[in-house]
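Participant: Chain by chain, the residues run as shown.
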Amino acid sequence: MIGALIERYPRFANWLYGFTPPEHGTVVLVHRRVYIVPARLGWLFAATLAILLIGSINYALSLGFALTFLLAGLGLAGMVHTARNLARIAISVGRAEPVFAGESAQFRLYLDGGPGFDRPAILARHLVAGSQLVVDVPAGGLAEVVLAVPAARRGWLPLGRVMLETRFPLGLFRAWSYIEPDARCLVYPQPERSALPPPSAEAAAGALRTQTTGNDDFAGLRGYQPSDSPRHVAWKAVARSDVMLTKQFTGEAAAELWLDWRLLPARMGPEQRLSRLAGWVLAAERAGAHYGLRLPGSEIAPRRGDSHGAACLQALALYQAS
Amino acid sequence: MTQAAHPLAPEVRLVSTRDLAWLIGSLLIVIAPHTLRAPWWLTVLTLCLFGWRFYCTLNRAPLPSRWLVIGIAAVAMLGIWIEYRTLFGRQPGIILLTLFAGLKLLETRSHRDAAVGAFLGYFLIITNFLYTQSMLTAIVMCGALYTITATLIGFSAPQRPPRANLRTAALLLAHAVPAALALFFLFPRVQGPLWGLPQDAYSGMTGLSDSMSPGNLSQLAQSDAIAFRAEFEGDTPPQPLRYWRGPVMWDFDGRSWSMGPTLLADFTPLEGGRGRYRYGVVLEAHNRNWLFALETAATLPERARYSADGQLLARSPVRARMRYDLVSVIAPAGLDSDEEPAALRRALRRPPGFNARTVALAEKLRAASSSDGEVMTRAIAFLREGRYVYTLEPPLLGADSVDEFLFATKAGFCEHFSSAFVFMMRAAGIPARVVTGYQGGELNPVDQIISVRQSDAHAWAEVFLKGRGWVRVDPTAAAVPGRIQSGLARALPAGEPLPLMLRPQLEWLRNMRFQWDALAHKWNVWVLGYNPERQRDLMLLLGVRDADWRSLTATLFTILGVMTLVLLAWSLRQLARPDPVQKAWGAFCRKLAARGVERVPHEGPRDYSVRAARVLPGSRRAILRIAWLYIGLRYGSQARTSAVARLRRLVRELRLT
Numbered sequence: 000m001i002g003a004l005i006e007r008y009p010r011f012a013n014w015l016y017g018f019t020p021p022e023h024g025t026v027v028l029v030h031r032r033v034y035i036v037p038a039r040l041g042w043l044f045a046a047t048l049a050i051l052l053i054g055s056i057n058y059a060l061s062l063g064f065a066l067t068f069l070l071a072g073l074g075l076a077g078m079v080h081t082a083r084n085l086a087r088i089a090i091s092v093g094r095a096e097p098v099f100a101g102e103s104a105q106f107r108l109y110l111d112g113g114p115g116f117d118r119p120a121i122l123a124r125h126l127v128a129g130s131q132l133v134v135d136v137p138a139g140g141l142a143e144v145v146l147a148v149p150a151a152r153r154g155w156l157p158l159g160r161v162m163l164e165t166r167f168p169l170g171l172f173r174a175w176s177y178i179e180p181d182a183r184c185l186v187y188p189q190p191e192r193s194a195l196p197p198p199s200a201e202a203a204a205g206a207l208r209t210q211t212t213g214n215d216d217f218a219g220l221r222g223y224q225p226s227d228s229p230r231h232v233a234w235k236a237v238a239r240s241d242v243m244l245t246k247q248f249t250g251e252a253a254a255e256l257w258l259d260w261r262l263l264p265a266r267m268g269p270e271q272r273l274s275r276l277a278g279w280v281l282a283a284e285r286a287g288a289h290y291g292l293r294l295p296g297s298e299i300a301p302r303r304g305d306s307h308g309a310a311c312l313q314a315l316a317l318y319q320a321s
Numbered sequence: 000m001t002q003a004a005h006p007l008a009p010e011v012r013l014v015s016t017r018d019l020a021w022l023i024g025s026l027l028i029v030i031a032p033h034t035l036r037a038p039w040w041l042t043v044l045t046l047c048l049f050g051w052r053f054y055c056t057l058n059r060a061p062l063p064s065r066w067l068v069i070g071i072a073a074v075a076m077l078g079i080w081i082e083y084r085t086l087f088g089r090q091p092g093i094i095l096l097t098l099f100a101g102l103k104l105l106e107t108r109s110h111r112d113a114a115v116g117a118f119l120g121y122f123l124i125i126t127n128f129l130y131t132q133s134m135l136t137a138i139v140m141c142g143a144l145y146t147i148t149a150t151l152i153g154f155s156a157p158q159r160p161p162r163a164n165l166r167t168a169a170l171l172l173a174h175a176v177p178a179a180l181a182l183f184f185l186f187p188r189v190q191g192p193l194w195g196l197p198q199d200a201y202s203g204m205t206g207l208s209d210s211m212s213p214g215n216l217s218q219l220a221q222s223d224a225i226a227f228r229a230e231f232e233g234d235t236p237p238q239p240l241r242y243w244r245g246p247v248m249w250d251f252d253g254r255s256w257s258m259g260p261t262l263l264a265d266f267t268p269l270e271g272g273r274g275r276y277r278y279g280v281v282l283e284a285h286n287r288n289w290l291f292a293l294e295t296a297a298t299l300p301e302r303a304r305y306s307a308d309g310q311l312l313a314r315s316p317v318r319a320r321m322r323y324d325l326v327s328v329i330a331p332a333g334l335d336s337d338e339e340p341a342a343l344r345r346a347l348r349r350p351p352g353f354n355a356r357t358v359a360l361a362e363k364l365r366a367a368s369s370s371d372g373e374v375m376t377r378a379i380a381f382l383r384e385g386r387y388v389y390t391l392e393p394p395l396l397g398a399d400s401v402d403e404f405l406f407a408t409k410a411g412f413c414e415h416f417s418s419a420f421v422f423m424m425r426a427a428g429i430p431a432r433v434v435t436g437y438q439g440g441e442l443n444p445v446d447q448i449i450s451v452r453q454s455d456a457h458a459w460a461e462v463f464l465k466g467r468g469w470v471r472v473d474p475t476a477a478a479v480p481g482r483i484q485s486g487l488a489r490a491l492p493a494g495e496p497l498p499l500m501l502r503p504q505l506e507w508l509r510n511m512r513f514q515w516d517a518l519a520h521k522w523n524v525w526v527l528g529y530n531p532e533r534q535r536d537l538m539l540l541l542g543v544r545d546a547d548w549r550s551l552t553a554t555l556f557t558i559l560g561v562m563t564l565v566l567l568a569w570s571l572r573q574l575a576r577p578d579p580v581q582k583a584w585g586a587f588c589r590k591l592a593a594r595g596v597e598r599v600p601h602e603g604p605r606d607y608s609v610r611a612a613r614v615l616p617g618s619r620r621a622i623l624r625i626a627w628l629y630i631g632l633r634y635g636s637q638a639r640t641s642a643v644a645r646l647r648r649l650v651r652e653l654r655l656t
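Keeping their order, the protein sequence lines are chains A and B. Quick note, the first sequence lines up with residues 0 to 321 if you use numbering that gives the first Met the number 0. Quick note, the second sequence lines up with residues 0 to 656 if you use numbering that gives the first Met the number 0.
In short, the hints are calculated from the structure, not lab data. Fair warning: there could be bad hints in the mix.
For each label pair, taking beta carbons as the anchor points, the in silico distance ranges come out as [stated by the list, open to error]:
| id | chain 1 | residue 1 | chain 2 | residue 2 | range |
| --- | --- | --- | --- | --- | --- |
| 1 | A | Ala45 | B | Ser133 | 42 to 52 Å |
| 2 | B | Val561 | A | Trp14 | 44 to 54 Å |
| 3 | A | Gly93 | B | Trp51 | 24 to 34 Å |
| 4 | A | Arg302 | B | Arg648 | 35 to 45 Å |
| 5 | B | Ala224 | A | Pro137 | 24 to 34 Å |
| 6 | B | Arg654 | A | Val29 | 47 to 57 Å |
Far from chain A, some chain B residues (derived; all Cβ distances over 12 Å) [to be verified]:
| id | residue |
| --- | --- |
| 7 | His110 |
| 8 | Ala179 |
| 9 | Val565 |
A few chain A positions that, by computed beta-carbon distances, are all more than 10 Å from chain B [unchecked claim]:
| id | residue |
| --- | --- |
| 10 | His23 |
| 11 | Ala38 |
| 12 | Ile50 |
| 13 | Ser55 |
| 14 | Ile56 |
| 15 | Ala86 |
| 16 | Ala151 |
| 17 | Lys246 |
| 18 | Pro264 |
| 19 | Gly291 |
| 20 | Arg302 |
| 21 | Gln313 |
| 22 | Gln319 |
From the three backbone atoms N, C-alpha and C, an ideal C-beta is built for every residue, glycine too.
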């Protein structure tokens, strides 16, 4: 019923549940944002209490009354404790690693319950994706929740609405709150699987130029730089000396390679082109090639290395993205 | 930093070995007292069901199919029916419930199912109270309640250590107590029962019965159970005067005495008299109507009735512990010295053809005396000089029970003496009747309350003398004077088995029992005896006159509302208490923002303070000092209270120029 209400009257739901536009920074669940209703077990518990009460009256059992009322007080205290378990939790968002369209974005939330007490069994569920995780937030510490959200299209994927729920300590009540932190994940275009190999240097309209360094012949070792591909790290040397070293090569095939939007067949649509280009970027990365990317209106100069690949993929992801 | 995360909500996860062990353990505490009363095979069956379920979890074996569970339930129900011939009595019903707890476990998969099992445990607690509501039971059941609650918490937080769950359970129960107290005292009480109770609901209550035959009082006297407690305002009457009058026996069939029909009469309060005692009685349930009063009752308790032969009667059988207040006088003046002729005729009736020797003796006494009083005195003298033995284990008697007792066995309990004496009186033409009740009672030096036990059960006689009315005569006192002077223990000959608590060697045990009794009395009055009347008294004490359910409910909800608010305030306060370091830093940031240097969200304390120091070079030193201190406290390995105090002082004294 509530679900239908939310769909039909989104503004009403926004008011009722305190839905907020994406919030920047750390989100704190103030008391007003925590909702609480009896869970199914809570109703069963109430029914048990009713039977206990009737039994106590019928048999004039003083201790029966005491038991019934103690349990009733327990339910009441349980309600307050359940609300408390969620109240004032601060949620901050971690970095979400970029993914390819068709994969799942892994959003990281950090729950901070403050120093007072631990907050066990807090369930975080992505309302749309349905992915969920239950964590115990230790007193004075953080708990990490990783929520998977399917990334259907390239571009920026917002986290969306997340529900935090708890039934601790007695399971009689369900307290929940909705949050929508301002978090987003970059989604690269889906790389084309049956992609052609990267165009050869010749095919790339004479873009081939010989380089001093390449991939073919081992030329020696030099100090590691953060942008170097892990494939070129001299792991054996690292194991011996603890110093990160990168292998250097020279060779003909260390050609400068252009991945060019305009070189693709005219019949291909933009998304198809982006997919193919993404596939090429990956292939070029695998090959350790020295490559650049040309898109209508932008160009990334040829370089090598992971950060370069990421920059290329980001350009593809955000190409004319809304 | 991160705890192990789990993709499933706790309530739908499979119940773990640990949680199952907790559930089974707490259920065992609850049903342990029942195993003493249940037939052994049902106890074994229940334990087997628990064991089976535990085995399934340990070995990851599949649970039995639903049909098998139903089959076991059917067989067990058949067994209970064979044992009790019913399924709906108190005892079979409870056994059925414990069995269902075992069967429920066998189909428990998720924590949600297990929680239902825990609720069943809560429910089973109350079944113990149907048998006993003693303090010990209450304490054991409190323990059970605690473990069940911890178990339930474990179901909601399966990855939390049990110790933390026990702590949470204690906190929850502590928070529940105020609300429970308010509900207990203010919830509008209704006098039960709401519907008919099972037939065996009141079995096992001990007390005097409506008939008396040789042997049944002496049997009752072996019981240490409390009959009632009396609390006197002012003096307590001495032991020989403590005759607690109960059922009166009129009809004799040669062997046993019975009450016959009881005639109700109007009660006239008595004035004057020698000793006047005001006291309250807390009477244990005995499933009969009569109330006991010190002889002679001068007032009638509320809602009690009065019979022509001086019994006080409740309107319905006393099935729950009840309390009544009354006044008694010793040897009252102005008692009715007349009696209905029909009653006098009834008090002379005796079965013909029995006890010929006693009849002959009575006629001889009659012939030798000039008045009824003299006959009585001679009969008492006969008993006193007859060297009768007072015993809890009297020999069995044949058809002429009075003859055999008086002339052959010469050993008996109070019922033999009173029966023989009344028979003698009737044979001599003097109207007489047997009165049963209690004699004596033990004065607890701790709280000055007299506890009267079943072992104080007694029978004596009342004789009608012209001009004086009914006069109490205690033939047992005549034959065995010690019985009345110093109680049963001294009166019995050495070597006779005594009820445990009456044995003089166990003096220390008795002292301990006095303490315990005093506590038990308070428990009875304030916890177990709390009923609609007490509730009215309490409300009167609180200033609410004529409390009805409406005013009670209003008071109750007000109190509960306030309590919930207090609890809520407690939880909020605990949450809102900010970290002092963070608070000082917040104040620092606000001070800087007031001077136009606002912190941008992504700016760390270092960058911010450096920027602020650049903008406000006059306070550069102070700003940087505060920032370094904050960084050290916030991100450093240790936080010292002196450093926190210094930070707060620096922020407070910061004057930006």
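Participant: Hey, does Val565 (chain B) actually stay past 12 Å from chain A on C-beta?
Facilitator: With a cut-off of 12 Å, Val565 (chain B) comes too close to chain A, as the shortest Cβ separation is near 10 Å.
Participant: Take a look at whether the Cβ-Cβ distance between Arg654 (chain B) and Val29 (chain A) falls inside 47 to 57 Å.
Facilitator: violated (33 Å)
Participant: Quick check for students: does the CB of Gln319 (chain A) sit more than 10 Å from each CB in chain B?
Facilitator: holds (28 Å)
Participant: Does the Cβ-Cβ separation between Arg302 (chain A) and Arg648 (chain B) fall within 35 to 45 Å?
Facilitator: Since the Cβ atoms of Arg302 (chain A) and Arg648 (chain B) sit about 54 Å apart, the hinted range of 35 to 45 Å is violated.
Participant: Is 24 to 34 Å a correct range for the gap between the Cβ atoms of Gly93 (chain A) and Trp51 (chain B)?
Facilitator: violated (47 Å)
Participant: Does His23 (chain A) sit more than 10 Å from chain B, CB to CB?
Facilitator: The assertion about His23 (chain A) is violated, with a minimum of 6 Å to chain B.
Participant: Confirm or reject: Ser55 (chain A) is not an interface residue toward chain B, with every Cβ-Cβ distance exceeding 10 Å.
Facilitator: violated (7 Å)
Participant: Is it true that the C-beta distance of Ala224 (chain B) to Pro137 (chain A) lies inside 24 to 34 Å, as the hint says?
Facilitator: The hinted range 24 to 34 Å is violated for Ala224 (chain B) and Pro137 (chain A), with Cβ atoms some 55 Å apart.
Participant: In terms of Cβ atoms, is chain B entirely out of 10 Å range of Ala86 (chain A)?
Facilitator: With a cut-off of 10 Å, Ala86 (chain A) comes too close to chain B, as the shortest Cβ separation is near 6 Å.
Participant: Quick one: work out the minimum CB distance from Ala151 (chain A) to chain B and report holds if it exceeds 10 Å, violated otherwise.
Facilitator: About 22 Å separates Ala151 (chain A) from the closest Cβ of chain B, which puts it past 10 Å; holds.
Participant: For Val561 (chain B) and Trp14 (chain A), compare the CB-CB distance with the range 44 to 54 Å and indicate the outcome.
Facilitator: At 30 Å between Cβs, range violated.
Participant: Can we trust that His110 (chain B) is non-interface, i.e. its beta-carbon lies farther than 12 Å from all of chain A?
Facilitator: At roughly 8 Å from the nearest Cβ of chain A, His110 (chain B) sits no farther out than 12 Å, so the non-interface label is violated.
In this structure, the hints that do not hold are numbers 1, 2, 3, 4, 5, 6, 7, 8, 9, 10, 11, 12, 13, 14, 15, in rising order.
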